[in-house]
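Peer 1: Residue numbers (our numbering), protein chains in the order written: chain A, 2 to 258; chain B, 2 to 258.
Simulated from the structure, these hints should not be mistaken for lab results. Source: prediction; values computed, not measured. Do not rely on the hints blindly, as some may be mistaken.
A pair holds if it fits inside one copy or across any two, identical chains being indistinguishable in the list.
Heads up, simulated SDA-like pairs for lysine to any residue below, C-alpha to C-alpha not over 25 Å straight-line [stated by the list, open to error]:
hint: 1; residue 1: Lys67; residue 2: Ser185
hint: 2; residue 1: Lys253; residue 2: Glu178
hint: 3; residue 1: Lys67; residue 2: Gly88
hint: 4; residue 1: Lys67; residue 2: Val251
hint: 5; residue 1: Lys59; residue 2: Pro8
hint: 6; residue 1: Lys59; residue 2: Glu178
hint: 7; residue 1: Lys67; residue 2: Asp10
hint: 8; residue 1: Lys67; residue 2: Arg89
hint: 9; residue 1: Lys59; residue 2: Val119
hint: 10; residue 1: Lys67; residue 2: Pro129
hint: 11; residue 1: Lys67; residue 2: Ser86
Number of protein chains: 2
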Amino acid sequence: MERQLIPIDDRGFLLGDGLFETVLFQAGKPVLWGAHVARLQRGCAALGLPAPDPNLLKAEAERAIKDRRLGSARAAVRLTWTAGSGGRGLIRPETPTPRLAVSAAASPRPEAPATVIVSTIRRNARSPSARLKTLAYVDNVLARREAEAEGADEALMLNTAGHAASATAANLFWITEGSLYTPSLACGVLGGVLRAEVLASAPVEEVRANLDTVLRCEAAFLTNSLIGIRPIRVLAGRFLGPHPIIDTLVEKLASRF
Amino acid sequence: MERQLIPIDDRGFLLGDGLFETVLFQAGKPVLWGAHVARLQRGCAALGLPAPDPNLLKAEAERAIKDRRLGSARAAVRLTWTAGSGGRGLIRPETPTPRLAVSAAASPRPEAPATVIVSTIRRNARSPSARLKTLAYVDNVLARREAEAEGADEALMLNTAGHAASATAANLFWITEGSLYTPSLACGVLGGVLRAEVLASAPVEEVRANLDTVLRCEAAFLTNSLIGIRPIRVLAGRFLGPHPIIDTLVEKLASRF
Chain A
2 MERQLIPIDD RGFLLGDGLF ETVLFQAGKP VLWGAHVARL QRGCAALGLP APDPNLLKAE
62 AERAIKDRRL GSARAAVRLT WTAGSGGRGL IRPETPTPRL AVSAAASPRP EAPATVIVST
122 IRRNARSPSA RLKTLAYVDN VLARREAEAE GADEALMLNT AGHAASATAA NLFWITEGSL
182 YTPSLACGVL GGVLRAEVLA SAPVEEVRAN LDTVLRCEAA FLTNSLIGIR PIRVLAGRFL
242 GPHPIIDTLV EKLASRF
Chain B
2 MERQLIPIDD RGFLLGDGLF ETVLFQAGKP VLWGAHVARL QRGCAALGLP APDPNLLKAE
62 AERAIKDRRL GSARAAVRLT WTAGSGGRGL IRPETPTPRL AVSAAASPRP EAPATVIVST
122 IRRNARSPSA RLKTLAYVDN VLARREAEAE GADEALMLNT AGHAASATAA NLFWITEGSL
182 YTPSLACGVL GGVLRAEVLA SAPVEEVRAN LDTVLRCEAA FLTNSLIGIR PIRVLAGRFL
242 GPHPIIDTLV EKLASRF
């Protein structure tokens, strides 16, 4: 029970000063565990936080799965690693003592293709938090509310320069004239774990593309660790069809989601 | 004791989905209380959250001051109002039940003028969270770390268009040829409570100004509810002097900080 509460002076709570990972568990086993831990460690280096012990993360994740009796389910474990308590206002204590919070929940995979609108909220390519999985996710929450308000599943966020960046909780890929594209990380994109798997599995061009360029695509899909590869059926009001490149990728990466 | 802990499924903790205010208390009495409550209420409207009952806020703030025996001190009360628990990932529950967390601490006023560097981290004028006091403050934490690393007190943040926006926890004003300027809110600026007091007390031009324009100033100062009006002694390596306009403002607004 104690593990389920955090003090209100936690800097993650007060300032979003921390990071998280959401890891897929299939039948009690984590999927792409090493990539999630590596991203969390890179995030710690970027924020100037001590990194967690991977063994501790693993033990706590497995315990959360067990406690929630999710050992035979498709489940998501959320690992939250904060800057801990203390400091004066924005200034961290000289030696921060990070805090770990772990939870688990069932995570069924969405079966239907996604409907995606374009958010009015822009991503900031000049902000570290746009490229790191920090706790500062309120812009994404608000962009997702815009999607909900229009009955859509997701919202495409452009960056302040007008280039496509990502959805609120997924990376974006599109196919134009048979070639596969995704926004480059420099556009203010979180480097998704499944995005990296796609890049390693197929020729993909990482680009700066404005919305018009993206909308000339013949097909598109979203990726994240929990939803896997999810085709887009409607993007900014345009209907998109299935595509053999997507089918091939789904088949190739089936074990990763 | 129970009030000092929050559940780890709180959306403020998980996603920065919430708002805060930091209110100065002098001898047990809040300063500019109405302005803080009004800003929190505007923030709730922007985020789509139910707003708190001002009487509850007042009672809890006074209780925090009393509990910490700060009734005769200069103190800061932090009011944190989150989207509460629940929902699925980014998506809030249909009827969010916000959570209030309140804490208090002594808050001596800095006596020395400030040394200010220019942060590499940009503010996003196209993000609601740049203009609202949300819990997503990690960019400000990182920008302040840049200041600390150079032995400075604060960091000036430009926006992605290169216009001056604000410091990490204060608004910026400068004086050029005897006129007073501050970045307009459209630059990605949080509308500070003391900033509004300055605007109401003196002729100020709200502008979009690039760094070069700001650095041509003859004097500059920072404002926030806790530090009050704090002159800048060094701005991006340039030494700045005192100025009678600043002295007049400090005198005029003395009761507000």
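Peer 1: For Lys59 vs Val119, is the C-alpha pair at or below 25 Å within one copy, between two copies, both, or neither?
Peer 2: The answer is neither: 37 Å in one copy and 40 Å across copies each exceed 25 Å.
Peer 1: Within a copy, between copies, both or neither: where do Lys67 and Val251 come within 25 Å Cα-Cα?
Peer 2: neither (29 Å within a copy, 60 Å between copies)
Peer 1: How would you classify Lys67 and Ser185 at a CA-CA limit of 25 Å: within, between, both, or neither?
Peer 2: Result: close neither inside a copy nor across copies, 38 Å intra and 53 Å inter.
Peer 1: Taking 25 Å as the upper bound on the Cα-Cα distance, should Lys67 and Pro129 be classified as within, between, both, or neither?
Peer 2: neither (35 Å within a copy, 39 Å between copies)
Peer 1: Can you tell me if Lys67 and Arg89 fall within 25 Å by alpha carbon in one copy, between copies, both or neither?
Peer 2: For Lys67 and Arg89, only the inter-copy Cα distance (21 Å) is at most 25 Å; the intra-copy one is 38 Å.
Peer 1: State whether the alpha carbon distance between Lys67 and Gly88 is at most 25 Å within one copy, between copies, both, or neither.
Peer 2: between (35 Å within a copy, 22 Å between copies)
Peer 1: Can you tell me if Lys59 and Glu178 fall within 25 Å by alpha carbon in one copy, between copies, both or neither?
Peer 2: neither (43 Å within a copy, 62 Å between copies)
Peer 1: Using 25 Å as the alpha-carbon threshold, which applies to Lys67 and Asp10: within, between, both, or neither?
Peer 2: between (29 Å within a copy, 18 Å between copies)
Peer 1: Which holds for Lys59 with Pro8 at a C-alpha limit of 25 Å: within a copy, between copies, both or neither?
Peer 2: Both, since 23 Å and 22 Å are each at most 25 Å.
Peer 1: For Lys253 vs Glu178, is the C-alpha pair at or below 25 Å within one copy, between two copies, both, or neither?
Peer 2: For Lys253 and Glu178, the Cα distance is within 25 Å only inside one copy (21 Å; across copies 67 Å).
Peer 1: Go through the copies and call it for Lys67 and Ser86: within, between, both or neither, with a Cα cutoff of 25 Å.
Peer 2: between (28 Å within a copy, 22 Å between copies)
The structure is inconsistent with the numbered hints 1, 4, 6, 9 and 10, although it conforms to all the rest.
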